[in-house]
Amino acid sequence: MSRVFLACLLLLACSAFADVFGRPLTAETKSALLQSLTVLTTSPLTVGEFKQVRTIKKLNREFVSTGFFAIDRQSGIVWDTHKPFASVFWVGDDAMVQFDPARNTKKTVSVKENPVFAEFSKTIQSVFSGNYGELERNFKIYFKKKGDAFTVGLVPKESAVARVVASIVLEGTKELDKVKITDGDGNPVVYEFSAHGHFQDLESVDGAYRDIAQMFSKLKAK
Amino acid sequence: MTSRQKKVWAISAWVVLHAILLSIGLWTPWKVDSNLYSVLPDAAEFKNISEAENALSVRSARNLTVLLGHESFDEAKAAAESLDSAFASDSALAETRLKVDESTMQQMRDFFFDYRYVLQGPDVRALLKNDDAAAVRELALQKVYGAFSLADLTRLQDDPFLLGAESFDYFTFHSPMMAGRFSLRDGVLAAEDSSVVYVMWSAALAEGTSSMASDGHVLQRLDRVLDSLQGVHQGLRVEKSGVPFHSYESSKNAQSEVAWISGVSVVAILLLLLWVFRSPIPIVCTLASIGVAVCAALSGTWAIFGSIHVFTFVFGTSVIGVSIDYAIHFFTERHNIFKGLLLGFMTTELSYVALTFAQFPLLRQMAVFSIVGLASSFATIMLLFPNLPLPVRQDTLPARLPGKFLAVYEALDRIVARRFAKVALLVVAIVALVPGILQLDIHTDMRSLYAMSDSLKRSEALNARLNNLGISANYLIVEGASVEELLQNEERLALRLESAKADSQVSGYLATSTYIPSVSVQRETFGGVQKLFRSPAYAELLKDLNLDSATAGGSSILAADTAPVFLTPDSKLPGSFNSIIDMLWIGKVGERFYSAVFPLHVASGFDVQKVAEGMPGVFAVSKMENVNATLTALSRLALLLVGAAYLVVVIVLALVYGFRQAIKVIRAPVIACLFIAAAFGYFGISFNFFAIVGVILTLGIGIDYTLFFKEGGSRNLKTTLAVMLSAATTLFSFGTLSLSSFVPVSTFGLSVLLGILCCFLLSPLSRR
Numbered sequence: 000m001s002r003v004f005l006a007c008l009l010l011l012a013c014s015a016f017a018d019v020f021g022r023p024l025t026a027e028t029k030s031a032l033l034q035s036l037t038v039l040t041t042s043p044l045t046v047g048e049f050k051q052v053r054t055i056k057k058l059n060r061e062f063v064s065t066g067f068f069a070i071d072r073q074s075g076i077v078w079d080t081h082k083p084f085a086s087v088f089w090v091g092d093d094a095m096v097q098f099d100p101a102r103n104t105k106k107t108v109s110v111k112e113n114p115v116f117a118e119f120s121k122t123i124q125s126v127f128s129g130n131y132g133e134l135e136r137n138f139k140i141y142f143k144k145k146g147d148a149f150t151v152g153l154v155p156k157e158s159a160v161a162r163v164v165a166s167i168v169l170e171g172t173k174e175l176d177k178v179k180i181t182d183g184d185g186n187p188v189v190y191e192f193s194a195h196g197h198f199q200d201l202e203s204v205d206g207a208y209r210d211i212a213q214m215f216s217k218l219k220a221k
Numbered sequence: 000m001t002s003r004q005k006k007v008w009a010i011s012a013w014v015v016l017h018a019i020l021l022s023i024g025l026w027t028p029w030k031v032d033s034n035l036y037s038v039l040p041d042a043a044e045f046k047n048i049s050e051a052e053n054a055l056s057v058r059s060a061r062n063l064t065v066l067l068g069h070e071s072f073d074e075a076k077a078a079a080e081s082l083d084s085a086f087a088s089d090s091a092l093a094e095t096r097l098k099v100d101e102s103t104m105q106q107m108r109d110f111f112f113d114y115r116y117v118l119q120g121p122d123v124r125a126l127l128k129n130d131d132a133a134a135v136r137e138l139a140l141q142k143v144y145g146a147f148s149l150a151d152l153t154r155l156q157d158d159p160f161l162l163g164a165e166s167f168d169y170f171t172f173h174s175p176m177m178a179g180r181f182s183l184r185d186g187v188l189a190a191e192d193s194s195v196v197y198v199m200w201s202a203a204l205a206e207g208t209s210s211m212a213s214d215g216h217v218l219q220r221l222d223r224v225l226d227s228l229q230g231v232h233q234g235l236r237v238e239k240s241g242v243p244f245h246s247y248e249s250s251k252n253a254q255s256e257v258a259w260i261s262g263v264s265v266v267a268i269l270l271l272l273l274w275v276f277r278s279p280i281p282i283v284c285t286l287a288s289i290g291v292a293v294c295a296a297l298s299g300t301w302a303i304f305g306s307i308h309v310f311t312f313v314f315g316t317s318v319i320g321v322s323i324d325y326a327i328h329f330f331t332e333r334h335n336i337f338k339g340l341l342l343g344f345m346t347t348e349l350s351y352v353a354l355t356f357a358q359f360p361l362l363r364q365m366a367v368f369s370i371v372g373l374a375s376s377f378a379t380i381m382l383l384f385p386n387l388p389l390p391v392r393q394d395t396l397p398a399r400l401p402g403k404f405l406a407v408y409e410a411l412d413r414i415v416a417r418r419f420a421k422v423a424l425l426v427v428a429i430v431a432l433v434p435g436i437l438q439l440d441i442h443t444d445m446r447s448l449y450a451m452s453d454s455l456k457r458s459e460a461l462n463a464r465l466n467n468l469g470i471s472a473n474y475l476i477v478e479g480a481s482v483e484e485l486l487q488n489e490e491r492l493a494l495r496l497e498s499a500k501a502d503s504q505v506s507g508y509l510a511t512s513t514y515i516p517s518v519s520v521q522r523e524t525f526g527g528v529q530k531l532f533r534s535p536a537y538a539e540l541l542k543d544l545n546l547d548s549a550t551a552g553g554s555s556i557l558a559a560d561t562a563p564v565f566l567t568p569d570s571k572l573p574g575s576f577n578s579i580i581d582m583l584w585i586g587k588v589g590e591r592f593y594s595a596v597f598p599l600h601v602a603s604g605f606d607v608q609k610v611a612e613g614m615p616g617v618f619a620v621s622k623m624e625n626v627n628a629t630l631t632a633l634s635r636l637a638l639l640l641v642g643a644a645y646l647v648v649v650i651v652l653a654l655v656y657g658f659r660q661a662i663k664v665i666r667a668p669v670i671a672c673l674f675i676a677a678a679f680g681y682f683g684i685s686f687n688f689f690a691i692v693g694v695i696l697t698l699g700i701g702i703d704y705t706l707f708f709k710e711g712g713s714r715n716l717k718t719t720l721a722v723m724l725s726a727a728t729t730l731f732s733f734g735t736l737s738l739s740s741f742v743p744v745s746t747f748g749l750s751v752l753l754g755i756l757c758c759f760l761l762s763p764l765s766r767r
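So the protein lines, in turn, are chains Y and B.
Take the first sequence: its position 103, counted from the start at 1, is 102 in numbering that gives the first Met the number 0, and no numbers get skipped.
Take the second sequence: its position 165, counted from the start at 1, is 164 in numbering that gives the first Met the number 0, and no numbers get skipped.
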């Protein structure tokens with residue numbers, strides 16, 4: 000019974016997401032989109048909590064993880080997963096780093112030496128930092144706005160890329176609330192963001208987000 | 000024996016001699032060798048490597064790339080599509096490539112999933128080797144729960160450790176092939192450089208398609224299509240890269256050059272001979288003598304060596320030069336030329352015989368070619384021509400010009416009457432040459448001999464920048480008695496290259512064993528994976544991921560009868576993987592197996608020879624360095640041997656004329672050679688293999704001039720005319736070569752031009 004309920008909820012959620020793909024970006028809606036993207040562009044450093052739900056349809060399974068995130072306009076994005084397993088992922092302009100806090104080991108890939116990773120890094124950063132130019136270069140953009148709430152749909156222009164990432168949907172109001180990335184097989188990964196905090200830089204972060212700020216600084220320093 | 004019997008005997012001897020030589024030539028399969036490796040000394044290992052290297056270069060020499068650039072991607076792509084549709088079904092091309100297969104990624108995923116138990120990157124292999132199952136489990140959990148994971152989780156039940164995804168990540172994203180700036184854009188590969196977007200179109204010539212320029216050649220048609228595309232798409236940039244373009248361009252230039260150079264020199268020589276002899280008979284006979292001598296030389300060389308190297312052809316022009324000289328002497332003097340010709344023939348042959356003592360097959364081949372050719376030419380003059388009814392009037396031969404020429408020397412004799420003054424003049428002349436000779440750089444660098452056109456140079460630089468693969472020109476060829484032995488040899492070599500990488504000597508390397516490890520490594524990986532599935536980490540992982548242990552992947556690999564499916568070079572590989580293996584895998588050559596390993600982005604101090612040192616089955620291919628060093632050594636050795644031969648010549652001449660006169664005879668050719676060396680030194684031109692071939696030629700031909708003057712007497716106008724004609728024909732034919740844009744040819748031509756000119760001007764000093 001609970002599975003049926005969950006499926007219905009998912010369907011509802013999907014239909015809300017799917018709705019945006021009926022509304023391609025037009026010259027008239029472009030300014031509204033740019034206005035909505037300021038949610039992502041104004042703050043130099045945004046930190047908060049995330050919940051990631053990865054659904055694999057074929058297995059009828061969901062994998063849920065939670066933790067903290069930090070989006071720094073200068074240094075990139077840090078994803079500090081706490082549960083169920085600790086891992087840290089940093090996407091910067093120069094490198095992508097996978098850090099294992101339990102073993103204190105890290106795997107670094109130089110973005111500059113590998114254009115695939117460079118493209119991947121640029122795309123992720125453009126999605127989370129609202130870089131319209133990059134989004135426009137790589138995706139067909141769809142946009143819907145109702146009151147403060149906005150939904151941005153992104154479909155890769157590259158059909159080969161679309162086989163890996165079929166679509167991305169960003170939802171927000173005054174903050175970015177949700178991002179859904181659907182792979183070529185239709186399996187979604189939904190990121191839900193909460194408890195946003197805005198800071199000038201990593202040094203100025205305090206309170207509950209000190210840990211992630213320190214982690215970020217540590218990764219940058221290494 | 001009557002005079003008629005003597006004639007019949009002489010002609011019969013000539014006919015039998017040439018019939019034997021020519022039938023050997025016709026019977027032996029004709030084979031021309033253009034392999035640069037053939038210049039290296041004989042060694043069994045080099046022969047094998049040479050064949051393997053040849054197989055590799057034949058394959059890579061067929062690939063070509065055209066980059067179509069425009070400020071607008073759409074324009075560049077439209078042009079590329081037009082180009083592709085024009086050539087997609089062209090029979091002269093084996094294939095064309097523009098569109099990228101969209102299913103590539105899935106094909107790769109399937110492939111790595113299928114071979115996940117035997118094919119893993121070094122990091123995972125190290126974890127398996129250290130029985131660190133917990134770390135492999137954590138890698139899987141990071142892929143499932145971590146952020147922005149691209150791992151395909153649909154096969155999680157079959158592959159709980161996500162070994163397929165791990166392998167895919169390593170081999171796909173960490174491949175040096177991914178270092179290029181090209182990325183997928185609208186179904187094609189595109190890269191941006193200085194605000195221009197380039198779309199890549201590539202192709203491979205079909206096996207039967209030659210790279211040499213000809214009418215209707217596919218590259219000519221390609222040029223036409225590209226020209227028209229530039230007309231349609233304003234601002235379209237076209238950048239071509241690949242060996243076929245270089246071969247086509249050089250051969251096109253060479254063909255037009257050969258046409259005008261040979262045209263001009265042949266017409267000039269024919270007109271000169273016609274003016275002198277007033278009859279076509281000497282011209283026809285001279286040409287016939289040359290033709291027969293060249294055929295005889297080819298036959299003899301083919302019979303002894305099985306093939307003839309292209310460099311031998313260059314050297315073989317001496318046969319033409321000497322044949323003309325012999326024929327001219329015959330038709331100008333006819334009588335009393337036997338001693339001069341015989342001495343000239345013997346001294347020249349001695350120089351070439353000396354070259355046969357060298358351990359270099361190429362030098363021996365050049366010597367044999369010249370020995371046989373000259374012998375044929377001498378036989379024609381001695382046995383055939385005097386016994387044929389050749390009505391050539393000698394009383395109409397011009398006498399004024401040789402008379403004036405000799406008058407200059409007679410005047411000189413009067414001015415410098417005293418012996419002391421003559422010696423002093425000679426010493427001053429020689430001393431003037433010394434600074435030039437001291438500046439001489441005896442060195443052959445094949446790279447400096449090929450001058451790439453500016454447009455091709457620019458295109459190649461752009462291509463290298465955008466591909467950013469940094470394949471080194473010096474690479475390694477690995478050998479093995481079996482595929483397994485070869486791959487194990489490669490893996491040992493890879494350890495050395497890894498340490499070079501750690502020392503920043505290379506950025507990486509391309510090797511087959513990276514993608515297809517030896518069965519030994521695959522078996523070890525399989526064993527490690529089996530241990531992984533038997534470890535407690537497996538049960539924990541199933542629990543973490545809430546997977547059913549009964550149906551999870553481990554049950555199959557742990558079954559007693561599970562045998563690993565090993566990956567081999569014959570396995571079906573996904574397209575993008577295949578293109579790498581195609582580039583590296585040579586396969587079976589003779590009884591052994593070969594592959595190539597390419598170091599990437601090598602530092603200036605990186606020495607490929609050192610990497611191969613002491614490694615069985617690994618050979619460094621520093622092709623250019625080897626060939627350059629060998630040609631330099633070859634040049635020095637050839638000079639030494641010819642020097643030694645000249646000592647013998649002095650002894651022979653001393654026996655005939657006495658020592659002082661012998662020195663007088665060799666004086667002109669020796670000074671001429673010093674003059675060539677000094678001129679090259681003064682002008683800073685590298686005294687390379689081709690210049691030295693010119694020196695040897697000068698020694699061979701030049702001594703004839705002095706001998707003819709010596710034998711002809713002090714006021715023999717016919718001898719003077721003969722030498723003038725010989726020198727003029729040589730200067731016409733070789734001098735025009737110095738105008739060639741093909742550097743080896745122009746260097747050779749310049750060397751002969753300077754040498755023969757100097758020798759000709761000095762040779763009258765040896766007259767009696």
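Read the hints as simulated data drawn from the structure, not as lab findings.
There's no promise every hint is true.
[Claimed, not checked] Looking from chain B toward chain Y, a few residues come up when the C-beta cut is under 7 Å (computed): (1) L140; (2) V143; (3) I280.
These numbers come from a predicted model, not from an experiment.
No residue lacks a Cβ here, since even glycine has one placed at the ideal position from N, Cα and C.
Enumerate the violated hints, using their earlier numbering and listing them in ascending order. 3
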